[in-house]
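2 protein chains.
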Amino acid sequence: MNQVICTVDLVLLTLQAGELQVALLKRDREPFKDVPALPGGFIHADEDGDARFAALRVLREKTHIATPYLEQLATFSGPARDPRGWSVSIAYYALVSIDVIQQARQDQVQLIPVDKLMPLPFDHKSIVDTAVARLRSKSQYSSLPCYLAGESFTLPQLQRVYEALMGEALNKVSFRRKMNEMGMLEELDGQFGAAGAHRPAQLYRLKQEYKESLTLLERGL
Amino acid sequence: MNQVICTVDLVLLTLQAGELQVALLKRDREPFKDVPALPGGFIHADEDGDARFAALRVLREKTHIATPYLEQLATFSGPARDPRGWSVSIAYYALVSIDVIQQARQDQVQLIPVDKLMPLPFDHKSIVDTAVARLRSKSQYSSLPCYLAGESFTLPQLQRVYEALMGEALNKVSFRRKMNEMGMLEELDGQFGAAGAHRPAQLYRLKQEYKESLTLLERGL
DNA sequence: TGAATAGTGTCTGTAAGACAATATTCC
DNA sequence: GGAATATTGTCTTACAGACACTATTCA
Numbered sequence: 013m014n015q016v017i018c019t020v021d022l023v024l025l026t027l028q029a030g031e032l033q034v035a036l037l038k039r040d041r042e043p044f045k046d047v048p049a050l051p052g053g054f055i056h057a058d059e060d061g062d063a064r065f066a067a068l069r070v071l072r073e074k075t076h077i078a079t080p081y082l083e084q085l086a087t088f089s090g091p092a093r094d095p096r097g098w099s100v101s102i103a104y105y106a107l108v109s110i111d112v113i114q115q116a117r118q119d120q121v122q123l124i125p126v127d128k129l130m131p132l133p134f135d136h137k138s139i140v141d142t143a144v145a146r147l148r149s150k151s152q153y154s155s156l157p158c159y160l161a162g163e164s165f166t167l168p169q170l171q172r173v174y175e176a177l178m179g180e181a182l183n184k185v186s187f188r189r190k191m192n193e194m195g196m197l198e199e200l201d202g203q204f205g206a207a208g209a210h211r212p213a214q215l216y217r218l219k220q221e222y223k224e225s226l227t228l229l230e231r232g233l
Numbered sequence: 013m014n015q016v017i018c019t020v021d022l023v024l025l026t027l028q029a030g031e032l033q034v035a036l037l038k039r040d041r042e043p044f045k046d047v048p049a050l051p052g053g054f055i056h057a058d059e060d061g062d063a064r065f066a067a068l069r070v071l072r073e074k075t076h077i078a079t080p081y082l083e084q085l086a087t088f089s090g091p092a093r094d095p096r097g098w099s100v101s102i103a104y105y106a107l108v109s110i111d112v113i114q115q116a117r118q119d120q121v122q123l124i125p126v127d128k129l130m131p132l133p134f135d136h137k138s139i140v141d142t143a144v145a146r147l148r149s150k151s152q153y154s155s156l157p158c159y160l161a162g163e164s165f166t167l168p169q170l171q172r173v174y175e176a177l178m179g180e181a182l183n184k185v186s187f188r189r190k191m192n193e194m195g196m197l198e199e200l201d202g203q204f205g206a207a208g209a210h211r212p213a214q215l216y217r218l219k220q221e222y223k224e225s226l227t228l229l230e231r232g233l
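Protein chains in written order, with my numbering: chain G, 13 to 233; chain E, 13 to 233.
Where hints are given, some of them may not hold.
Treat identical chains as interchangeable: a pair holds within one or across any two.
[What the hints assert, rightly or not] Keeping only pairs whose Cα atoms sit at most 30 Å apart, straight-line, the calculated BS3-like set for lysine-lysine is: (1) Lys38 with Lys74; (2) Lys38 with Lys184; (3) Lys190 with Lys38; (4) Lys150 with Lys74; (5) Lys190 with Lys150; (6) Lys128 with Lys219.
Derived by calculation from the structure, the hints in this document are not laboratory data.
Given the structure is predicted, the values throughout are model-derived calculations rather than measurements.
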């Protein structure tokens with residue numbers, strides 16, 4: 013009567029070609045064998061320190077990716093979401109730059125734009141939707157999008173990341189004021205982004221102390 | 013190896029004497045029998061439609077309270093949090109006015125100010141801390157505190173609720189502008205709050221369409 | 001009328017966005 | 001020099017908070 017299936021699922025998000033994309037893997041077993049779905053797996057009570065460790069383990073085992081940012085999203089549950097029975101999925105979302113995915117050389121990973129997502133097994137579609145909503149919401153007042161921008165980036169690049177997530181053009185002066193106000197960036201001195209026939213832009217990176225935590229804005233972008 | 017204990021826990025919060033308080037119940041069984049703890053229980057796979065229903069069931073069975081607001085908080089997990097083994101607790105938090113608790117006539121419920129909380133069994137203390145942090149954070153830019161104010165209330169009363177949660181005095185003019193801007197209140201026409209020797213205040217209530225959902229502010233209080 | 005609190009009008013300073021000027025690169 | 005984009009300066013407007021004035025009740 014208390015038999016509940018307990019799993020973790022991962023929404024791995026990245027930005028490619030100006031579009032937010034989610035990583036899917038073909039399932040290696042039933043149910044839904046060979047159908048693309050979120051990376052996920054059972055909690056291993058004998059080895060996992062908690063659900064977060066289970067999520068990191070699943071991400072590592074299935075995609076060989078170590079993410080700079082992982083946050084618990086929500087827990088999805090019920091008798092119908094998994095044909096095997098009453099189940100609980102503790103969902104996490106991770107943000108990585110497209111380079112991290114390409115360097116992992118995981119040919120099994122497919123990236124699908126979240127706005128053009130097909131139906132998915134289980135309730136994975138609504139898990140993705142929840143993650144995207146959370147990311148978009150947090151982007152309005154935090155440094156979260158920096159994790160999509162990679163190790164180093166210019167302010168114009170970072171602004172395009174924010175704009176892609178928020179779906180609207182941002183004021184350049186305000187954007188720079190806000191990034192400065194958040195104080196989580198440091199100049200890479202003397203280093204500039206590759207330029208065309210125009211002035212190159214200063215490169216920045218996240219300060220070490222903000223690699224693991226977010227900065228919040230008092231009043232949003 | 014995949015044997016995981018699956019439970020829900022409830023952080024029932026209310027405001028009494030200007031202080032945020034959490035409802036605790038003496039546990040009716042081992043482990044920690046007779047020790048005050050959060051209301052909680054196992055998921056019943058044979059009757060619960062999902063974890064949210066399980067939380068509502070637990071709240072009803074243990075306190076006879078039906079809450080106007082219930083939100084999933086986070087999921088806590090690990091091998092050590094429960095002496096019975098590797099466990100998952102899907103935590104929810106609920107907000108009720110003090111009247112609701114008093115009308116439920118649940119003498120077993122004890123209210124403890126969250127800022128003076130003793131150590132609790134399991135990881136219930138950190139669950140409470142997480143809930144309080146979430147509530148305080150959301151209070152800055154949403155209508156969430158209204159659920160602590162009861163069925164009807166005056167604007168000065170509501171402002172005191174917000175101030176108690178945010179721990180700072182708020183500007184009266186701004187506060188009224190913001191509440192008006194959120195547009196979730198309606199006047200109870202001709203009805204006024206009980207007054208002393210001074211002008212009585214207009215009574216308001218949440219509009220029907222906001223009874224189940226929050227309104228958000230663009231820029232916080 | 002005086003005390004107390006509710007509710008509103010108005011001013012001021014701050015911050016956000018618009019606009020534009022300057023800077024730097026490659027051709 | 002011209003094209004393109006980066007970076008910074010400045011002006012305008014909108015909004016948050018301060019202050020104070022009016023309103024309403026009871027003693």
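Legend entry - Homomeric proximity label, Lys128 with Lys219: Cα distance no greater than 30 Å: Classified as neither: same-chain Cα gap 34 Å, cross-chain 36 Å, threshold 30 Å.
Legend entry - Copy assignment of Lys190 with Lys38, given that the CA separation must stay at most 30 Å: neither (41 Å within a copy, 49 Å between copies)
Inset, instruction - State whether the alpha carbon distance between Lys38 and Lys184 is at most 30 Å within one copy, between copies, both, or neither. - result: neither (41 Å within a copy, 57 Å between copies)
Legend entry - Same-copy or cross-copy closeness of Lys150 to Lys74 [CA-CA at most 30 Å]: Cα proximity of Lys150 and Lys74: one copy only (27 Å, versus 36 Å across).
Inset, instruction - Indicate which option fits the pair Lys190, Lys150 if close means a Cα-Cα distance not exceeding 30 Å: within, between, both or neither. - result: For Lys190 and Lys150, both the intra-copy (15 Å) and inter-copy (21 Å) Cα distances are at most 30 Å.
Legend entry - Alpha-carbon proximity context of Lys38 and Lys74, limit 30 Å: within (10 Å within a copy, 44 Å between copies)
In summary, the numbered hints that this structure violates are 2, 3 and 6.
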